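**Q** Reassemble the complex: the two chains are provided individually, in unrelated frames, and hints are given to aid placement.
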Amino acid sequence: MPYQTLFRKLAWPFLGTLLVIGIILSLTSGPMKLSGWQSLLTVWDGVFHTELSRLSDYEKVVIWDLRWPRTLLALFIGALLAICGAVTQGLFRNPLADPGIIGVSSGAGLGAALAIVIFPVSFSVFATPVAAFVGGLVTSLLVYRLAQSSQGNTSVLILLLAGVAVAAFTGAVIGFMTFIANDQALRDLTLWGMGSLNGATPFMLWLSALCCLCLLVFYQYCAKALNALLLGEAEAAHLGIDTERLKRQLIIATAIGIGIAVSASGIIGFISLVVPHLIRMTLGPDHQRLLPLSAITGAALLLLADVAARVWLAPAELPVGLVTALIGAPFFVFLLLQQRQRLSTL
Amino acid sequence: MPVTNDKNMAFIMINKKIASLLCSFLVLLLSFSISSLALAEPINHRLVSVDGNATEILLRLGLGKQIVAADITSQALLPEQVENLGYHRTLSAEGLLQLHPDLVIGSNHMGPEPTISALKKANIPILQLHSPTSLKQLEINIVKLASRVNADSSAQKLIKQIDKRQKSLLKKLPEKKPSMVFLLDIGERGLSQAGTDTTGDSLIQLLGGKNISQFSGYKSISVEALLAVNPDIILVGSRSDSLDSAKKLVERQPLLQHSKAGKNNNIVSVNAATLIAGLSLGALAEAERLADRLY
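Residue numbers (the UniProt record's numbering), protein chains in the order written: chain R, 1 to 346; chain W, 1 to 295.
So here's chain W without its partners, still in its complex pose (with noise of 0.2 Å):
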């Protein structure tokens, strides 16, 4: 039957082109797959940063956008804001959890002690770096930190190029250390000195200086006392981003103008927020930005 035939033909017809159709839609479709697979992040963490010091060098290895939440400190860092899981030392552990964190990164401080062991037993891995000192031990929270997120080529980068902006800071120190005190501002009630094993101590040794502090820990320091020790440069720790705070104390104290360091025009603002984690990329910037304004 000549009529059924060429409608069978017709539909044999129909049926490759649609089955041409198909195989050129699914190959385009597998080009397409492979290309986004090819172009795709090697692997999306969702991480989870308890420590600004770790947000920082999260940041610098591209890895900011996979920061799901963040603690308190570490919200001013990021570019947008994150889920805020608040102070670092009273995290809440069912907070964490509902986050479904692949990595939660906090410094040696996280806590308390019960929201650790909950993560723990719920089998999120979490990476406890130690707050730094120096720039060694920054250098090293880099590496143990990048190899736990895939991103090693870049953590030996951003390592050298530290090694790099070191050498160029120690370049410009003096040959002689000057002495050197950090002061916070706490208003009408005095100062506090940074003592030895604090941030403010360690932004003195990567400045070259020598601090007059003896003691750990923050203290408070009278105005007299300051002027009896004398030192070269005088650091004050200011709040916010406009380092006006030298400029507050010589105002409210103006004995100060006649020491050393204010003959010389060295009592100088800090922004304090670069030290709150410990040493990190921020206070390695300040330390840049001080050294040229004080050598």
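The following block holds chain R by itself, in its conformation from the complex (with noise of 0.2 Å):
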């Protein structure tokens, strides 16, 4: 198709000029009015340890302290979340399917639920994330070896059918944890269903910083294998790739990824769904091109979003979570009606 080369030729600067705006938007917006230029040249500063911004000390704690930090935890964990959901999309050869499939969110909620109520506020603040990421990868690895059969093969079908009952299960106990839950404990795991990127704290970003650069380079050094799995595994197999170790890596990989991305920052919806199947769509399946891509414009979409969620109520502030789904499900439903036909033909 012609078109489709086009938009190949033209993806990489338009997506990274995307970023490059939701980067500067991020930076330069928010509840504080300060002159953009000035704030840029702060955060030059903080990197290059210069003298350039003429900005008071107050409202350099605003730019370096809070939107620098925040800028770059969306930024990462927009990407970790796209490049999961493709990753995931791949392995199940299915252009809907998301990490949550796995059960990694539903784990990873059941973590949050578990620390939320039974640890008592003052505990600690690692207490949440932490119980987080271990239920995540927990119930992951369990949904893995419930889809593995005797013999060592793992079944894609068996694996969709276990995260959907172990997310059944996940959610009755989170349904138990509420219902013993006091009044704080409700209102923190409501609201940390709903995902923000306003209570990570340092070592959160930069673990999950170093998270999104290793998977993108593991990912990457998958990319070719994936390729070969979209032919079906017999055919993968045949290519010499060695579909068992794949998928186990995969998996884990994405478990921990995700799992990082979802104690850092609660539920952030859609990005993983969305933004995968989007490049798909336009630019074609190939791993190599559409794993770095999403990455770009996952964190492209999510630095964007988070950029209304901090602006819209000023001075109080949404959950991102809810930006993203608000404009994720509508475009959903679009895709869903885009692909009504072919799907129906299946």
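None of these hints come from the bench; they were simulated from the model. Computed from a prediction, not measured in an experiment: that's the story for all the values here. Treat each hint with caution, since some may be false.
Partner residues aside, some chain R positions facing chain W, computed with beta carbon under 8 Å [as the list claims (entries may be wrong)]: (1) Gly30; (2) Asp65; (3) Ser196.
Each computed DSS-like pair below joins lysine-lysine, with the alpha-carbon atoms no more than 27 Å apart [to be verified]: (4) Lys136/W <-> Lys33/R; (5) Lys60/R <-> Lys120/W; (6) Lys33/R <-> Lys121/W; (7) Lys177/W <-> Lys60/R; (8) Lys65/W <-> Lys177/W; (9) Lys144/W <-> Lys210/W; (10) Lys260/W <-> Lys33/R.
Where is the CB? At the ideal position from N, CA and C, for every residue including glycine.
**A** This is the structure:
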């Protein structure tokens, strides 16, 4: 298709510009009205230890201690969600799959609920993120084990169904936690489910940065194998790919990635589903291109959604998960309508 | 040269006139500024309150005009709308900093933690008050808050008033503690009962009652369980000021009419909005109203 080759040529500069715009907007907009240029200079000063910005110390705190870490967090979490989504969709050979399918999100939700309800508020700021991460990892490993037959083969269909069953179970346990929770914990639980980039600690920021970069490299290394997997498992195996090993590695890597994203920011929906799907639809399914472009688009979209979340009701703040779902859900319906014709023939 | 002398004279005269005019003007200005200095408030703070209870205290101390922004629960208490900061546990650090507050007042529940550390980093004074469960804690909060906003004398007056009201409330209470339950009516999904560490429980204590709940927090309770315990008084929290929740509850659960509380006309509505931010001045007023109604 000629328009697809045109898209492919323009994709890098277009999405790259979108990301840069996202970063600049995220640094220059907020409830506090500050000069955009001076705001950017403040970040420059912070990174390169210069003294160019003319903002007051008070305003520098806003830029350097609030907006800059938050921009980085949105960048890494957005990229992380998008690439994990892309890999899950490739792994399941289903463009509408979501990392939630292998039980990461439900497990992380369970971990967070246990931590919020059982540990007292003063216990530790790390209790909830750590519990969410462990919950996500343990649940997805459980789902993976359930799908493994005695010969060591993993059935993608069983994986999917086991994920649904485990999600139903964790849902019940979360419901029970909600039942025994006190007022404070109940409200925390509700807000945690909506996802926000507001409460993350510097530790979580660096952890998600590290994880995002490692996964980008690792997934890129697996990109060709993922392409082969699109032909079907048997075909990939005939091409000399150890599909079992590949599936295991990718599931564990995705569980870690989503687990870290969820523990840093709660549940932020739709980025992991919509972004890779969008890229695949316009630029084709080659993972070597799909993965980095998904990362860029995911980062840009989460940055823009977070700007909206911060500015919309200023000085109050919306949970960013609400914004992504508000934009994502109608868009998803649009995608479904587009594909109705094709899917109904399957 | 007489002509020029005359001219000079006239010039000097005019100058003198201007000078005297200027002098009197200056004196006038000075006296104005002195009098306005004497009339002005001692210090005009920019206060941000993210706790309904603290907002109520500030209003009673006569500092309502100094509140520049407040959380969502405080908004209903304030006579005029101020900037809305949303829910007090998901405060936006930049939203707060942009207001350049002299003092941020909240409860021990305010958050999240990174927002509070950002405020500290920007050298914004924060006062976190313990959410009160007793009038004693409420008075401690009033003193703490007043000392930070130079309102000690009005705080002393307010505390004397609270003490007086508490004494007269105590006089009304019956000698034998009646058993009580505080219910939140959650519609078709049933009833929720206030446990030991809730503000509903504080209200029961204030009314000299004995809470039938053994648990902490709000737990659901069935009508059957309620009839089995058969408390002397049933308080029903109402979301609106219309105070019709008791009537609605009895309409939906007619069995309750045959309970002890129902027979003695002791199923009463409580304005639950007064109980949101711990035991507040509003809760005390609500307790007085209920004591008059019940005893």
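**Q** Find the hints from earlier in the document that the structure breaks and name them by number, from lowest to highest.
**A** 4, 7, 8, 9 and 10
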